[in-house]
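In the order they appear, the protein sequences are chains S and V. For the first sequence, counting from 1, position 202 maps to 202 in my numbering; every step adds exactly one. Just so we're on the same page, my numbering is the position in the second sequence counted from 1, plus 1000.
One or more hints might be untrue.
List time: in silico BS3-like cross-link candidates among lysine-lysine, alpha-carbon distance up to 25 Å [stated by the list, open to error]:
#, chain 1, residue 1, chain 2, residue 2
1, V, Lys1170, S, Lys384
2, S, Lys329, V, Lys1133
3, V, Lys1459, V, Lys1480
4, V, Lys1323, V, Lys1443
5, V, Lys1079, S, Lys355
6, S, Lys254, S, Lys264
7, V, Lys1214, V, Lys1133
8, V, Lys1281, V, Lys1170
9, V, Lys1480, V, Lys1443
10, V, Lys1079, S, Lys354
It is worth saying that the hints were derived from the structure and are not from the lab.
Each chain is listed here by its residues.
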Amino acid sequence: MPVYRLIEEFSSDAYKVFEYVDSIYDRIKRVEDRVKAFITIVPKEEVYSYLETLLKRGYNSGSYPKLFGVMIGVKDNISTKGIRTTCGSKMLENYIPPYDATVIEKLKSVGMVIHGKTNMDEFAMGSTTETSAFYPTRNPWNLDRVPGGSSGGSGAALAAGEASIALGSDTGGSIRNPAAYTMVYGLRPTYGLVSRYGLIAYASSMDQIGPMARNTTDLALLLTIISGHDQRDSTSLPLHSIDYLKALDELLYKEPRLRIGILKELFEGSDDGVRKVTYSCIDKICSYHECIEVSIPYTKEAVAAYYIIAMAEASSNLARFDGIRYGLKVPVEGRNWVDVYTEVRTKGFGYEVKKRIALGTYVLSMGYRDMYYIRALRFRRMLKEKLDAMFSKVDVMASPTMPIPPPRLGEFFEDPLKIYLADVSTVIASLTGYPAINIPAGWNGLPIGLQLISRPLSEPILLYISAQLEERTKLRDLIAEV
Amino acid sequence: MEVLIGLEIHVQLTALTSKLFCPTYSSYRGGSPNTYVCPICLGLPGTLPVVNRRAIEYAIAVAKALNCELSDRIIFVRKHYFYPDLPKNYQITQYDGPGFTSIARNGHVKILINGKTKIVRIRRINIEEDPGKIHYIGGIEEAQYSLVDYNRSGVPLLEIVTEPDMSSPKEARVFLDKLIAILEYLDVVDTALEGSFRVDANISIRDYGRVEVKNINSIKDVEKALTYEIVRQKRIIEQGGTIARETRHWDDKKGITVPLRAKEFEEDYRYFPDPDLPPIKISTEMINKIISTIPELPDQRIERIMVQYGLDEYRSTVLVLNKWLVDFFEECAKIYSNYKRLADILITDFLRWIKELSLDLKKFSVKPQSIVKLLELLDKGILSIKMVKELMPHVIKGEINIDEYIESKGYIRIYDEQHLEQIILEAVKENPKAVEDALKNPKAINFLIGEVMKKTSGKADPQKTRDILLKILEKIRDMKR
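Take these sequences, add in the hints, and give me the full structure.
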């Protein structure tokens, strides 16, 4: 059931929430063994007692919070007070944060229930959820395929019906990619729209938390809850909160005609099947809006620049994991700290994380930083200028979210470069900080997603087109058989 | 052999109540280990820094007071190195280099050396966070394990770096005295707090390798460590050796420097702008607002004291560099106008006793009236300079009422000249024989002085008595002619 329906149902009878909780846990019981969407599942009894507290409080005050009882899967790199937050890593296998991320405070304030922490690539480094230190998550639509990543657990939990809605985080495409591969809606908000406080950093200048949902309305609903200025995040934009549901309704009522740029290189560079499905999807609204072909001729460079910047920042952000204050513990008796740090970091980090820390350290080192890091920053500025110029001609730019369908499990380890290069569409929004959305586009035996990028703070426009397409494709509220 | 000394000073902004990037209380001294901490200054995963605006205002005030050029924006960078006292394993600081900038550069401080003004250039000022503190139980060499206390982690720090413009330990000390005075005038740091003012020194003999000495914890030790190091380096050079570029550790108990680590190449800290802290613009309005709050600073005050009280530069400087002392001077000067005498007594005896009695200037309260009273009694000849010196500690301690005290000790002197003359005339009349003797032999005058002393029970000033007596004898001699 969509979240907006659950809200209606619980508002007429709050006690229906227990039936709903039971149904989700039943579903988890049936499919989780095969899907492995979660790293941590909160015991049902705890959810029950939490809801009872909310009910009592609601009974006393005469009103229940707006999203009372809605069960949300939260990516395991978002800090949850009292619930272990592993970031998909051995390093934090037993780490229980003493504080809530800002977005978690917001979820709790509207009565939402965090019933599980979803699987992810270790420290969000990956696009298949296979670098998780615990186990890979499987794609509920085809268990031999990956669900994408790094928020693959969130996407899979939605597609498998193990959560009503989910939070992901997107650095180079980590929301849009799994959304595309699991047939759900996923939005990467404008950089600074959602507070990063409590999000365990991968690449700070690109990390953004965003909503994932099975329909556009739910997506707008969750974005409304999590967005807004936060004094604890210096990169948070100083804006008043917006009701995205209202903004979406207004646009759907006015139905403005927009100009949609069809990103030539990204369609051309995609697999035939992907190209066909995404093209016929966008074509559904091209008679109403105006679609014109546009070009960004440096997509390969964008991938390189993205990885250089992300790895550089990661090498810094992950320096703090030394096992002293929290995280993996090793014997310290009679040893000096250099040995202890070395053992902690050797054992605590997986191969992909170590690789990125090493490369990130390299590109920031004296004698190399100009060649790599500084050059990547220059490219980033230029890309932004190009995009701004293009947004004077079009309102949104469309492309396949992923140029290939969901890879088979293990494919990433056979040819990592191929999988890196598949980030070609998603990194453009990441480097510029512009908002982008994945909209389920259709099937080619496997889920295929369409990506739209827009100007900063144009989330309402993305939601508007998403809703229009959703109306035409009917690809909404889908749950895989498993 | 020319000596070059440059200093790197870390100043905690102790006037602030919260840390540089989190709201945690920053006056951590005396707290149990790891109690003045929060997820942010412990570097827990997911936490983010938010700049304490007051720290930036203080830094701008300091930069202006040290005559620096200000940058138009504040850029924080991450300096990476692994160390257990550094929770994130990088320090949020600033860096002066291409693409980055310190908050301020190219300043200077004037110092007075042997009556001559010298300029010590300030290379740059950075704002940064203090790391935590490692405790080696039983000493750095003996400890079986170390403990880390993060109470200090994130405390706002200014790093002030000079050019190598000082050529002797004394110059370094004079510079530091001046710098501390400026910071205290700005009221940004209480340097009396342990660890709030830390100095690293770079010392070299021209054309030889540069040595950095760390762990110098007091100004007195700066002078000692520098003196030790210069002797050490000169001896090596004289013996035909070379000075290795290295970092040394000042062992204040043994009074020597010991090698810490060789510094063959620049460490690579992989500086890059902190993506969690977007650059902050420093507007002209902001600067002007801060400038308007800067009080009169030592240099201005030295000039004013020289003009207003007619004191020389040396006296004015000594007074002004001790803010409490010069405030006290100016209070006294409202009710006493022999400024030079006042200054002299304050910068010598008064200051000496303050130090000897280990009094905290900020806490004790000697009244300007008491000191002025002493000086007035001195001026009138009631007290001799020797007596003033004797009385000073008692007055400072507030133990005595001056009037009662000198009365009880019989210090009171016959100072009324007319009254004294009467007594002397009586003595002259009563001792004609002695007067005859005195007219012939000047030494015989002592008998008459003794008579006067008897009459006044020793309260007459011997010098004055002698002077008056000589005048009377002169008159008698004239009359006899």
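| Between Lys1459/V and Lys1480/V, is the straight-line Cα distance small enough, at 25 Å or below? | Violated - the C-alpha atoms of Lys1480/V and Lys1459/V are around 32 Å apart, more than 25 Å.
| Do the alpha carbons of Lys1281/V and Lys1170/V lie within 25 Å of each other, as the hint requires? | 40 Å, violated
| task | Starting from Lys1480/V, check that the Cα of Lys1443/V is at most 25 Å away, please. | result | 20 Å, holds
| Going straight from one Cα to the other, do Lys1079/V and Lys355/S come out at no more than 25 Å? | 21 Å, holds
| message | What's the verdict on Lys254/S and Lys264/S, does the C-alpha distance respect the 25 Å limit or exceed it? | response | Since the Cα atoms of Lys254/S and Lys264/S sit roughly 29 Å apart, the hinted pair is violated (cutoff 25 Å).
| said: Checking one constraint from the list: CA of Lys1079/V to CA of Lys354/S, max 25 Å. Satisfied? | reply: Cα-Cα ~20 Å, so holds.
| query | Does the structure keep Lys329/S and Lys1133/V at a Cα separation of 25 Å or less? | reply | 21 Å, holds
| query | Is Lys1214/V close enough to Lys1133/V, meaning Cα to Cα at most 25 Å? | reply | 15 Å, holds
| Pair hint outcome, Lys1323/V versus Lys1443/V [Cα-Cα no greater than 25 Å] | 52 Å, violated
| said: Hinted pair, alpha-carbon criterion (25 Å max): Lys1170/V, Lys384/S. Please report holds or violated. | reply: 56 Å, violated
When the structure is compared with the earlier hints, violations turn up for hints 1, 3, 4, 6, 8 and for no others.
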